[in-house]
Amino acid sequence: MIFHKHQATVNDILSRYPVKRSAMLPLLNLAQKEEGYVSQAAIREIAGILDLTPPQVFETATFYTMLNLKPIGKFHVQVCRSLMCALVGADPLVDWLRKHLGIGLGQTTEDKMFTLSTVECLGSCGTGPMMQINDDYYERLTEDKVGRILKDLRETGDCSLKSGPFLVPERGEGVVSL
Amino acid sequence: MKTFEKILLTNMERPEYTGSLADYEGTGGYKALKTVLGKTPPNDLIEMVKKSGLRGRGGAGFPTGVKWGFIPKDHPGPKYLCCNADESEPGTFKDRQLMERDPHQILEGIAISCYAIGAQTAYIYIRGEFRLAAKILERAIAEAYRAGHLGADIHGSGVTVNVSVHAGAGAYICGEETALLESLEGKRGKPRTKPPFPATHGLYQKPTVVNNVETLANVPHIVNRGADWFASIGVPPKSTGTRVFCLSGHVKRPGNYELPVNATFRDLIFELGGGMRSDKPLKAFIPGGASAPFLTPDHVDVQMDFESVAMAGSMSGSGGITVMEEGTSMVWAALRLMEFFYHESCGKCTPCREGSSWIVQILQRIMNKQGRPDDLRTLTEICENIGGRTVCAFGDAEIAPVQSTLKYWRNEYEALIEEAEALKGSRKEIPVLSLA
Amino acid sequence: MSNTSTMVTLTIDGIRTEVPEGTLVIEAARQVGIMVPHFCYHPKLEPDANCRMCLVEIEKIPKLQTSCSTRVAEGMVVRSSVPHVESARKSVLELLLGNHPLDCPVCDQGGRCDLQDFSHEYTPTVSRFKELKRVFPKQYLGPVIETQMNRCVSCMRCVRYCDEVMDAQALAAEGRGTITQITHWAGNELECDMCGGCIQICPVGAITSRLSMYDYRPWMLKRTETICSYCGDGCQITVQRKDDQLIEVNSALGAGRNNGDLCVRGYFGYHAAEHPDRVQQPLVRQADGSFAEVTWEEALDRVARQFTRIKATHGSDAIGGLITTRCTNEDLYLFQKFMRVVIGTNQIDSGARYGHINGVRALRRVQGTHRWTIRYEDLAQADAIMLVGTNVNESNPITALHVKQAVKRKGAQLVTLESLLPVRSTVSNITTLSKHHLEVKSGQFSAAILGLVKAVVESNLVQEDVAREAPEFVQTIRTNVAKVSWDAIREQSGLSQTDVETAARTYSQAERAVVLVGREVLRSLGGEGLVTNLMDLQILTGHLRRSGSGLGCLAEGSNDQGAVEMGAVAEYFPGPAGLHDEESQKTLTRTWGQAVPAGAPATLPEVLTRARTGDIKSLFIVGDNPVESLPGDAGVTEALDALEFLVCQDLFLTETAKRAHVVFPACSAMEKDGTFTNTEGHVQSVRQATEPLGESRPDWEMFSALSVLMDHPIEYNEVKEIFKEIRGVIPGYGLLGPASTPPKVDEKTVAQYVTSGFKEDVDQRYTLDASPAAPEGALTLRLVQSLYHSGKYSTRAKGLMEIEGEGRLHVNAREAGRLGIEEGQTVRLANDGGQATVSVKLNDRVPDAVAWFPEHFDEPVRALFSLKVDPHTHVPVWKTAHVTVTKWSSTNRSIEERSRV
Ligand SMILES: Cc1cc2nc3c(=O)[nH]c(=O)nc-3n(C[C@H](O)[C@H](O)[C@H](O)COP(=O)(O)O)c2cc1C
Ligand code: SF4
Ligand code: FES
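Those protein sequences? They're chains A, B and C, same order as listed.
According to the working numbering, the first sequence is numbered sequentially starting from 1.
According to the working numbering, the second sequence is numbered sequentially starting from 1001.
According to the working numbering, the third sequence is numbered sequentially starting from 2001.
Pulled out of the complex, with its shape left as it was, chain A reads as follows:
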């Protein structure tokens, strides 16, 4: 029972919508947060909560690329490969990560720490190349920086290089008043 201990959250989510089914994505996101992926058990539970059938939940889940239907590594490294990031070096970054982690795209390191994927535009086109690891964005990446991020994550589970509230160009940085 995935949602058992989150009963209050589930109730809060349900209370926001006049139609239960709207709680679908919030619950799927919650399930993924809880287990790292959306398990079949979670799908059944969500179906039960929303008064739907498992196929209805399943087909919805498979539409959304952030939802993993299979277990993945502890850290999901997702590098933006869309044009804007590619213009400023996303491809070499992906290559570097592949080599450094020793895995291909869509694969997980043997220690189950990292899963590497490329994704489409994440809305950081001015600060590329960039990647998202779990909930956090890391931007203006260089090989050194990525090396440090992976190391920190592996060692401490966290990394101070993640982005804070977004503002670009940053204050004082090249603001030209015309």
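If a hint is listed, it holds; no wrong ones were tucked in.
Here chain A is said to cover these stretches of chain B; the calculated rule only asks that three of the stretch's residues, wherever they fall, bring their Cβ under 8 Å from a Cβ of chain A:
1) 1085-1093
2) 1126-1132
3) 1320-1326
Just so you know, these hints were derived from the structure itself, not from any lab.
Cβ coordinates follow ideal geometry from the N, Cα and C atoms, glycine included.
We have chain A already, so just place chains B and C with the ligands on it with the hints.
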């Protein structure tokens, strides 16, 4: 030299500004809300927004006041407002900044807009990846509830507005307004056939307005300073106000720059953006997000208002300007965007679903020097058969990169195909389809 | 709706036409003979406009529009074949064919495939698509359905059908974009109604039946339109055969009462007819007890001589007859005529005795007509529908579809009084659509119905004019229901006063309201009284006479209704008319050229009793199988063994037929002509679709042949002549077919009923009977109808056996937890009657403290049940028992198995 007044970014660019409720109120925040709620008749607000000339910042540029006016007044309700914070158009990253840096500006806009259209419930549909922005918005919503700016009977006005954040889970198409509604209803994010339009049959088949984050953020300022003030900025009467343009690609200083819409691409790229990042000259730029046809250096002096960009053969779209320097392969650029569209097509319409995968395969082949002489004709025809034949505007969007690069840089395609012809015979044709 | 709709004039390809407002352009075009090519559009589904094939040009609209989603407007000018449009179509085809495999030669859809047909019409044969096609592995969605997703055109018709029409939501569109595929979910085996709708509605060959895979090319098939014999809904089916082999059954849109929909039995159950166990030759019992295959002459002669002898020695009433309601009207009519005219007895009964008779008797009593006064079309228009003990999804799946449509499309308010939990799963469950679901304790419908009437009377829901015109009727009922307390009702039925009252209000206040009554009521003790009480409810709420309102009893057998109308039941002559009805006696005497017999009738239980006591010496059993339709303690075998001479006429050597002296091999419904009367009262043509197997013959031919041999010839050249005779003896018996309007209530009968008729038994009908409480710790075991089967006949259909091949004990997860048992485990059931070991299946719609077992496989558990006979209507009631359940561990079992060896 021109001076550009900023509206939305003024606060957040001040060093001490954190975006907290206190900060926002300290700069006159929620004044507009208190002024109008329960006092100004909703219809007057709609008229005010119409008069301001505010147009949607989400991409289509539809006049906001007019859209609000479509909401049936005699409908018993409920009615809904959806704030479109799905920001997934490649090259666009302004809403993220607006949300993370000044969430109350948006919430105030939402509350006023709800009042104007008679909605008691608003959902902020935010793309799933924006975890930080979602967290910041949720915190701000809690603050606003505590301060009585949201919730039941706001400031004793008898008006109720409830706002919640609804996170997506990875689907560009959910930025399309009807797909957004489907997704918000807990379904696969497939656009709906219009008519009926959301104004009458929106969320849960009830009257609904979908507005972009930036659009809504402008509303408090229009209330505070008047429709005439807003209408005087830009290129009145059709394109008014400022826009937050997102500059990316091969420039020195990429970022979000707020400019009145009568500024030119040159102002943005060469003045604010500091010009090209290296000594290579400008080769091409996309003037309005991935869905906008590419433009050339000949177009840098075009003004960035909706009409001027359209006249130049593209669209101002979401306001994302991506700059490419000499040496960038335009076939490659088109392919990258096409791969994006292929990945993001919801799959509902045959032309979009099948066409995007076909185009990607052809472009990949051409890039891999396995192009065929008739490929360009095939590409052109596929594009023609997608445009205008699909449920949503995604179909029109996805052909923009191919059509425009074919128009301006056909020689690059031809060169690759010629190379392929030259190589023909010397190697086996290995089909390529990488579904990254 | 249609009566108030305004008409809109438009022009399509130069043709001016007028259609109702709201019509889709594609439909308007169809009406003037223009077929706009399409994939995703289907009249049964909400428009989705995804395939983009049906684009047309509409004047004043710049872009091409999808005709499947655009509604007509006044003055609209549509062009469907201008070059612009044609080129768009070609392009869609080219795009679809891009990823579509060119496997037409091995595709079951080849020859009737929309993609093939349109491609033929619109595309040049060369495709420019020279890239890689996406490839999906072929999948089995469970035992009978296969998917080949490479062929899928993403029209989503299957998924939409499964959701919108079936309300099963069992299919999922997995993934996005080009790699979308139709699956059940995450590799789980498909569990659903298995209606085959997804196969039928797929415009290409992406979803096909595993029963007929690769067996045929469509143009090799011979088609026959006939009626399914699995239930009383009477679906129109198209039987397709190659040579004499049954290949497939499907149903055409627009045809029959089912309009193209079928259930699992109709779609996958056709193989029963050609089961190798069919009796193919007349059998005669030898001195050593074994059967010998003989010629027809020999068998018929033997029977004729025995019947003649017994009649001569012991009188006509030493012979009785039983017939199944799977027979046609003509068979049923001729059987009763044979029994009355040639044998000279009224001791005739049929399968209608198992419950349907209760409904017909009540209807005749209160409204004068024995048929529904409503039709499926009225269901679609109803404002409220009430289901009482129907289990309609399982017993009458197509009636269930009409109910679903009424609720889902038209917003009818559904009230359900069912012993089911409203749990949603991928098998549709009508109670999940309910606005007011009243979960009635198993077997306690009497209290529930009483509660409804009480609620109507006490909540001022009685129509004013009824109170005015029949004050005594209203007052008597009021006095009666006042005597029963809500506490007592709740105690017995499990329903609360408020719930019953809200439901009663919804039902009463609806403008048009329909009640459907099902097996839980019809097959219960006092069933006739319960239906009568529901008719009282109809009177009180004013729904009895209102057009569009009415009460229908759901017929389970394919010709339950026909059996009663043909006089193949103890209490009626054809009509049905009472045995003492002088008018009827006169007509029959005239038509038959002989007076009707004067002897007393005998119902099924009476026939058996009389056989046991030796009063009846010989039985003629046609298709009925009392040995397996009644529990062990009914003494059927004793009765049959006591007979001097038993004749069975059947498809199979059933447990009953095994005891016969002579067995006649009968034709299945696929092999003969005739008519069935469906639950609504529609008389529909059954047509011969395959050659009779072996020496089998249509039932009526045997009666006719015997009559000749017994010197009482009743002869016909063909079935139609029998039907003509039927029309002659039943006044007002209409022509064939679905066009007949529903009969109206007979005002005289109603007036008689409300002034005096009701008094006869009103006091008994409005009391709560003290129903025996379940013993402490016991589970209520119920034999239920499974969706996947029909009687025992369907257990011979290999497709259905693949889906459900054995009987399992269904309990809900809570109950299983309480009993400490799990899915798949073996348990032992026991009570005074005996014991049984069965395996467990979890099913969350089974109520707490109850277990279900499919009646089609009841053999191992039959000993646990005991028979009760309704004292009034003689309906045998026995499908409920109380049992204890214990886990039967696998070790125990192996010991048992070893000792058996
Ligand atoms: C494929 C597609 C993607 C879109 N994505 C977004 C988006 O991410 N954010 C947004 O605000 N509008 C997006 N739009 C535009 C919306 O459909 C809609 O026009 C907009 O939200 C309306 O708000 P506005 O009038 O304030 O611009 C998209 C449109 C299409 C066709
Ligand atoms: S155009 Fe593409 S994205 Fe839009 S509805 Fe059709 S398939 Fe989906
Ligand atoms: S292109 Fe990389 S974040 Fe937009």
